[in-house]
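**Student:** Generate the whole structure from the sequences, applying the supplied hints.
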Amino acid sequence: MSEALLELLPSVLLEGLLLGCVYAMIALGYTMVYGVLGLINFAHSEVFMVGAVAGVEVYRYLGPHVDNPYLLALAALVVAAFISGGLAMAMERLAYRPLRKRGSTNRLVPLITAIGVSFFLQDFVRLIEGLWHGEFYMNYPADAHLEAMHDLPLGMSIQNKSIFVIAVTVAMMFALDHLVRRTRLGKAIRAVAQDLPTASLMGIDPDKIIARTFLIGGALGGIAGVMFGLLYSQINPFVGFVPGIKAFTAAVLGGIGNIYGAMLGGLVLGTIETLGGTYLFFLTDGALGNEYKDILAFIILVLLLLFRPQGLLGKTQGEKV
Amino acid sequence: MTSRRPIVLLGIAAVAASAALLAWPRATWALIAVLGVLFGCLSVRDYKPARFVIALALLLVVIPTAGTHNTFLFELVTTMGIFAAMSLGLNIVVGMAGLLDLGYAAFFAIGAYTWAIFGSGQASEFMSGSFPLPGWPYFYIFSALAVITGALTGTLIGLPALRLRGDYLAVVTLGLGEVVRVTANNLDHPINITNGPQGITPIQRPPVGWLLKPLEWLGLDSSPALAYSIFFYVLVLAVIGVVVLVNVRLDRSRFGRAWVAIREDEIAARAMGISLTHTKLQAFATGAAFSGVMGAIFAAKQLFVSPETFTLLQSITILAMVILGGMGSIRGALVGAMAVALLNLEVLKSFSDFLVHLRQTGFVLNLGIVSYNFANLSDQIEPAKYERMIFGLILVLMMIFRPSGLIPESRHRLELGERKKARDAAKGGSHGAA
Amino acid sequence: MALLEIQNLTKRFGGLVAVNDVSFSVEPGQIFSLIGPNGAGKTTLFNTLTGMYRPDSGRVLFRDKRLSGLAPERIARRGVARTFQNIRLFGAMTVYENLLVGQHPHIRYNYFDAILHTRRLTHAEERAEARAHELLDYMGLADRASDLARNLPYGAQRRLEIARALALRPKLLLLDEPAAGMNPQETDELKVLIRRLRDEREITLLLIEHHMRVVMEISDRIVVLDYGKKIAEGTPAEVRNIPAVIEAYLGKGALEKQP
Numbered sequence: 001m002s003e004a005l006l007e008l009l010p011s012v013l014l015e016g017l018l019l020g021c022v023y024a025m026i027a028l029g030y031t032m033v034y035g036v037l038g039l040i041n042f043a044h045s046e047v048f049m050v051g052a053v054a055g056v057e058v059y060r061y062l063g064p065h066v067d068n069p070y071l072l073a074l075a076a077l078v079v080a081a082f083i084s085g086g087l088a089m090a091m092e093r094l095a096y097r098p099l100r101k102r103g104s105t106n107r108l109v110p111l112i113t114a115i116g117v118s119f120f121l122q123d124f125v126r127l128i129e130g131l132w133h134g135e136f137y138m139n140y141p142a143d144a145h146l147e148a149m150h151d152l153p154l155g156m157s158i159q160n161k162s163i164f165v166i167a168v169t170v171a172m173m174f175a176l177d178h179l180v181r182r183t184r185l186g187k188a189i190r191a192v193a194q195d196l197p198t199a200s201l202m203g204i205d206p207d208k209i210i211a212r213t214f215l216i217g218g219a220l221g222g223i224a225g226v227m228f229g230l231l232y233s234q235i236n237p238f239v240g241f242v243p244g245i246k247a248f249t250a251a252v253l254g255g256i257g258n259i260y261g262a263m264l265g266g267l268v269l270g271t272i273e274t275l276g277g278t279y280l281f282f283l284t285d286g287a288l289g290n291e292y293k294d295i296l297a298f299i300i301l302v303l304l305l306l307f308r309p310q311g312l313l314g315k316t317q318g319e320k321v
Numbered sequence: 001m002t003s004r005r006p007i008v009l010l011g012i013a014a015v016a017a018s019a020a021l022l023a024w025p026r027a028t029w030a031l032i033a034v035l036g037v038l039f040g041c042l043s044v045r046d047y048k049p050a051r052f053v054i055a056l057a058l059l060l061v062v063i064p065t066a067g068t069h070n071t072f073l074f075e076l077v078t079t080m081g082i083f084a085a086m087s088l089g090l091n092i093v094v095g096m097a098g099l100l101d102l103g104y105a106a107f108f109a110i111g112a113y114t115w116a117i118f119g120s121g122q123a124s125e126f127m128s129g130s131f132p133l134p135g136w137p138y139f140y141i142f143s144a145l146a147v148i149t150g151a152l153t154g155t156l157i158g159l160p161a162l163r164l165r166g167d168y169l170a171v172v173t174l175g176l177g178e179v180v181r182v183t184a185n186n187l188d189h190p191i192n193i194t195n196g197p198q199g200i201t202p203i204q205r206p207p208v209g210w211l212l213k214p215l216e217w218l219g220l221d222s223s224p225a226l227a228y229s230i231f232f233y234v235l236v237l238a239v240i241g242v243v244v245l246v247n248v249r250l251d252r253s254r255f256g257r258a259w260v261a262i263r264e265d266e267i268a269a270r271a272m273g274i275s276l277t278h279t280k281l282q283a284f285a286t287g288a289a290f291s292g293v294m295g296a297i298f299a300a301k302q303l304f305v306s307p308e309t310f311t312l313l314q315s316i317t318i319l320a321m322v323i324l325g326g327m328g329s330i331r332g333a334l335v336g337a338m339a340v341a342l343l344n345l346e347v348l349k350s351f352s353d354f355l356v357h358l359r360q361t362g363f364v365l366n367l368g369i370v371s372y373n374f375a376n377l378s379d380q381i382e383p384a385k386y387e388r389m390i391f392g393l394i395l396v397l398m399m400i401f402r403p404s405g406l407i408p409e410s411r412h413r414l415e416l417g418e419r420k421k422a423r424d425a426a427k428g429g430s431h432g433a434a
Numbered sequence: 001m002a003l004l005e006i007q008n009l010t011k012r013f014g015g016l017v018a019v020n021d022v023s024f025s026v027e028p029g030q031i032f033s034l035i036g037p038n039g040a041g042k043t044t045l046f047n048t049l050t051g052m053y054r055p056d057s058g059r060v061l062f063r064d065k066r067l068s069g070l071a072p073e074r075i076a077r078r079g080v081a082r083t084f085q086n087i088r089l090f091g092a093m094t095v096y097e098n099l100l101v102g103q104h105p106h107i108r109y110n111y112f113d114a115i116l117h118t119r120r121l122t123h124a125e126e127r128a129e130a131r132a133h134e135l136l137d138y139m140g141l142a143d144r145a146s147d148l149a150r151n152l153p154y155g156a157q158r159r160l161e162i163a164r165a166l167a168l169r170p171k172l173l174l175l176d177e178p179a180a181g182m183n184p185q186e187t188d189e190l191k192v193l194i195r196r197l198r199d200e201r202e203i204t205l206l207l208i209e210h211h212m213r214v215v216m217e218i219s220d221r222i223v224v225l226d227y228g229k230k231i232a233e234g235t236p237a238e239v240r241n242i243p244a245v246i247e248a249y250l251g252k253g254a255l256e257k258q259p
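Residue numbers (the numbering used here), protein chains in the order written: chain A, 1 to 321; chain B, 1 to 434; chain C, 1 to 259.
Errors might be hidden in some of the hints.
[Stated by the list, open to error] Derived pair list, reagent style EDC-like, types lysine to aspartate or glutamate, alpha-carbon separation capped at 20 Å: (1) B:K385 x A:E135; (2) C:K229 x C:D21; (3) B:K385 x A:E129.
Please keep in mind that the hints were generated in silico from the structure rather than gathered at the bench.
**Tutor:** Below is the structure:
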């Protein structure tokens, strides 16, 4: 039996990699916002979800008019990026900024607000979709070309859509790396993340930078949403919750606040989860199966926070008295 | 000389509200009036005996009598009571100690499942012995036990979780709540402990045969249904009484002060000799204990538990009660619970009916640029199921506009007599207060 | 026997040595001041003393028992209280309650006492309330007793912080810049208060202070820190004329410019 398990390994790894791409994209949103504000944006999981839904709508309306599946997918990505990015910016402007300006040190307030926004969005999207289309369980339509498989060595096979997803992820990561290291905006974001008061004394407008950070993080989340839809096809307004927690775990795993950490953490977590989900069943003789794979990510989170909160690439910080 | 006006007004209001509720037992506004008077009993100063009598009369005479004409009233108020106890529990954790627990429903679930498993045939799936355990006396034993198991679970979960900072604690408790639900959902193999998604039913209740005679004697419908409604109503009331009492006492003790201290400033609290670990664990365990005991009672009342009852939505609902009512305020937690329960059970339902009515009459909403024909309204739209949206909105709006809640916490002010009493005590030393 | 002994205390943050091999002792009943330019490591020293940071090397002895390495709450219970540079009151609590909280380690009853409202609780609470009233009068906060701490004016907040520290019944009181933001009248009152604390309540005081007049006028002994190192120790008269001290404050070459 262990031979069969080993045979499975390459395809499981590939699957994990794909899942990891989605997690990495979402994790970037969490980590960037945490970097500049020190706040976990609970509502980011819904930003992801809105991106997925936006993508479905693009398919619904543009689908009949566009033949090229890749063009269609790109259109979905772009629209989702805009809408999710805009949503994230709106959240910051309407919900987080007023609280920030109030200046209270109470940490509960922004957290609770974020949770409220998250919950609100879930049902709000459900309402809109319900009113508009009468249903809120939606599917990304399957396209023959995207579903087409190629055979790879080691018994693996990969679909065109998976190649597409990986390509998009790689492109985004390069783009983000370029942005962060070589553009003025990137430098400003890093400055604000490191020391907001000093950065603003240096002439950087923290409000503007924070807004742009939310925009970028949100856009990436939206792209992740479309990727999720392409890969797993079924989406609904509640699809953001679980991947959101896992992506947050990935961000912590890589080192919260660290962009490269989020990328790494996402890929690692996706792999571990897929491996765990597949092999747990065999290892426990069918006692514990795939259902428990969600708990796996959660256990990793708790262990991380207890024993290595700085994750793989982060540094420990203390509080100044 | 303390003014007599408030208590007189309260008395008049009590009579008026009672009359209203008795005349129109189905009217929500009458119920709200009675609840308002009850709240007044909690808020007015002095005249303790009078307030007590009014409250008791409303709770034990007026409401039950109205309830015999409208059994839904019992259901409503009992549910409010269960919510209220949980709200008070979470109020200690979130409101007073400032620990954001997003998985509170987990403790409720554990309390409920504990009785559900042993109070039904479920336990015989994995244990030898005669199950279900009969309602008498085991329901009461398990309810008491639920307090202890709640506190224990709270401590166990708290030990690792409470070391974490606010945001991380929130995420971890969120995950924990989900873990409990997923476990309950999947623990039907390899050994069947929770019976998975099908849930456990029927669950034993304590016998109420002893109530039937008095009901008959009062000229009421002596059916088990009514008897059970009344029984659970009074039981929940009794438990809430205890919960409120415990809350008030803890609040005014060094424990309550320690909780607020660590919420306000952990570093300063430590510099005052307060142990963060102990204090946080105490808060967590207390909150969990309240939730656990209500879980057991809930299981017996509903006769059925399933993992779907204990979702994140539940936890957030209770959180909304605490936030709406007032963080750290006992009266606030009660008000929040009543408001949210009413919202859930009454307002949303009415709104739903209203929308259905609009659909049936083909009402067209014309706003100039946009018009919507309600006949097209899909039958999937049911406001009763839109709690997420409502609670999310409540949380956000409260945080932006009134973070201290409808009833902000009131901290220990010096009463008029206290100064003199304390001075005498200081001078008299071991003589004690005058 | 010295009340507080600091032996070769060192605290690093990454590459920065905030406290560098500092040693000195504080005798019971002394008013001891810690001075030095900004960033010299004074508050870090306080934080290490009170357990917020662990020293990298060296140790601290309080009444001959080891203090270094203990958690802040245990240090507080041993009788070491402090105030903070940026006032850290319990804002949502009243003045009166802040004084009750300060007595936390001295109020002895357990959880069940609280729930059952036993005699032990009522006695302990009464004693605590009496003490709180006494402190209210002593620090002149009696007419603000029911105000929320966060609504107090600045001077009252500072006094409350000291009062709260006193509620702990400390043997050693660490004051971090108590005179900051005070006008001349308030600083005079502060000096009187510090002396009263020492004389009437037998408290030893260790201050961080920038206000030179206050330091020179009330201290029994002074230690000067600069860049984490102790550069001088002695009585006010001795310390004020040490060249290194003058240079630390006014910069090199300041001496040459003196008439």
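**Student:** All hints, please: hold or fail.
**Tutor:** Hints and how they fare:
1. B:K385 x A:E135: holds, 14 Å
2. C:K229 x C:D21: Given pair K229 (chain C), D21 (chain C) holds - Cα atoms ~7 Å apart, limit 20 Å.
3. B:K385 x A:E129: holds, 15 Å
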